[in-house]
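J.: Since the structure of chain E is provided, determine the placement of chain F on it from the hints.
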Amino acid sequence: MAHGPSKNFFNRWLFSTNHKDIGTLYLWFSFAMFLLGGAFAMVIRAELFQPGMQLIKPEFFNQMTTMHGLVMVFGAIMPAFVGLANWMIPMMIGAPDMALPRMNNLSFWILPFAFAILVSTLFMEGGGPNFGWTFYAPLSTTYAPDTVNYFIFGVHIMGASSIMGSINIIATVMNMRAPGMTYMKMPLFVWTWVITAFLLVAVMPVLAGAVTMMLMDINFGTSFFDAAGGGDPVLFQHVFWFFGHPEVYIIILPAFGVVSQIIPTFSRKPLFGYSSMVYATASIAFLSFIVWAHHMFTVGMPIAGELYFMYATMLIAVPTGVKVFNWVTTMYKGALTFETPMLFSIAFVILFTFGGFTGMMLSIAAADTQYHDTYFVVAHFHYVMVAGAVFSGTAAVYYWLPKWCGRMYDETMGKLQFWIAFIAFNITFMPQHFLGLAGMPRRYSDYGLQFADWNMVSSIGAFMYGGAQLLFLYNVIRTIGWGKPISDPKVWEGAEGLEWTVPTPAPFHTFSTPPVVK
Amino acid sequence: MNSSKTHRSVVIKSMFGVVVMFMFAIFVLPPLYDLFCEITGIGGKTAGAYTATEITVDTSREVEVQFVATNNATMPWDFFPVEHKVTVHPGESKEIVFYARNRTGSDMIGQAIPNVLPNSAADYFLKTECFCFNNQPLAAGEEAELAVVFIIDPDLPASVNTVTLSYTIFDITDRVPMQVSQVQ
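Chains E and F, in that order, are what the protein sequence lines are.
Residue numbering for the first sequence follows this note's numbering, beginning at -3 and increasing consecutively.
Residue numbering for the second sequence follows this note's numbering, beginning at 121 and increasing consecutively.
Note that these hints are calculated values from the structure, not bench results.
All C-beta atoms in this analysis are idealised placements derived from N, C-alpha and C, irrespective of residue type, glycine included.
Misleading hints may appear alongside valid ones.
As the list claims (entries may be wrong) - Simulated coverage check for chain F against chain E, where a stretch passes if three residues somewhere in it have a Cβ under 8 Å from a Cβ of chain E:
#1 148 to 156
#2 200 to 207
#3 231 to 245
#4 251 to 261
One chain only, chain E, in its complex shape (with noise of 0.2 Å):
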């Protein structure tokens, strides 16, 4: 018979094969990892309050941007959806559990693991990595600290945490379905997740080349991207982004799958164009095989080369629009409210929006030679990323959280997370594209005097939007422990769905015996 979770606290989260335990420590580590990144990124934006050197030297502020996207990408975002999938995706196909539940086990715990190494680095003689996010060599290979091999090491960890993961969610999509629930029933969030674990099983591998390549330059003495040796470090820009380039689908795709679940249960309207929304995301994935080198357009490409790159750029914006455009026409005459979640999925639909015109910005190679390496970048990429990736996994656990803990989270305190997160995510960015043009370049601890004001507004902007966060675990914690009970199977009057039809909250295990699905 159906028995609930170990009493031993060690037994049911260190040995826990329950996709919903699972799914509950992805959240949480990701959710500590985000804080983790934020307060990397509290120190940077308090380091670029004002002009010259004030907290931090230089030294240290390099390491901080490295850490900050390495966190946020990897340990933050990644793991956000990951978990939200092992809840969700089971439970959305009238699956027991996922598929491979000891290697959803292993896949987990290794990661705490990877973010030790890779944070340890910080309190270690000549520091984290501080070559950026992006890592190019010879930056990271030639003239990078000791550590860089536990980076390296760290990464190596990740990767194999998100294979294992993504083998999971395709083996549980495939072979798990309910009876009648056939792909083009599946909701949408299941969908773009399986194309996204598709994205995650081929190019984390090339990431996981390419640091194995640096692994070898650094202590085995190749010379794949030293040029002393014959190698080119071009090189490792075209793998990096050959792997980095689908990553920003890996991240954003989830999200898409998200505010499609959100905006019909709050438009009280199906989803419109279910089929071509599909078809978008295959389309979006398959074209991010295609468009690497648009973020290297100042390497010294032929001009042949960038009109390629240039064009194949462009072409994403159709299927990305198909996107938009359908979610904007579900709320189109629907009965309309604006619950927590609703309003962090519009604000996704909105500066996402945003974020893809500064993007075709960027992708004009004659523009680009301007803004790149410039906090226009910046700017673009916190638009898809933040206002992307971060809002609509807010969005997800507002609307998914009173299901899974049978609680209702306070609706005042997450209104008002949302419009000060929305205003000063808005503040904190905005002002980056303004600096950007301008001409102020990424990755400095310092800037010219003509870009002051428009940072310190920047930083307070970042300190009111990680306040936000704040605001937000507490309400989450609130919710867990003291929330309005709630026990209606359908927590959303307008949400759709088989995650839906389960008791609320969500039993230890679901759907032990298939449902059919019409």
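T.: Leaving out everything else, chain F in the frame of chain E:
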């Protein structure tokens, strides 16, 4: 039972994909990149030694060839071209000299890496002799004149009137320790 078999098949196929992509990154991408650069002439990489054949000198045309020398960050040698530019006719064989001196108190080995600009000229810059074909051991304080003999291919595109040959010299002493003894 049946489901664990289908799971296993997904895992095996995926892991196969992972291994293939890893191998692709390490063993295929770098040679592919070199090949791509070689075919397209991107990166200004010049070919190896050229064996002189009978070429008619095109006296109707003059090409200015400029020389640039750069030291890689940690390389303490004096390194510069004796002449900064020469004017040649396509097809004419020309010898020019770079000067190098090891200013340090220890024996070192340098390696020069050539590059030709514009990229479209790289395939037409033929070197019959070049110090860059070998590494350059210099004892402490030793100086040397390093020769390059080159021919500009008469097929050089008509739009190119100036070619820049640049060398970056790298310190590779640690990589080939055995050869330091040969300096003495």
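J.: Tell me, which hint numbers fail for this structure?
T.: 2, 4
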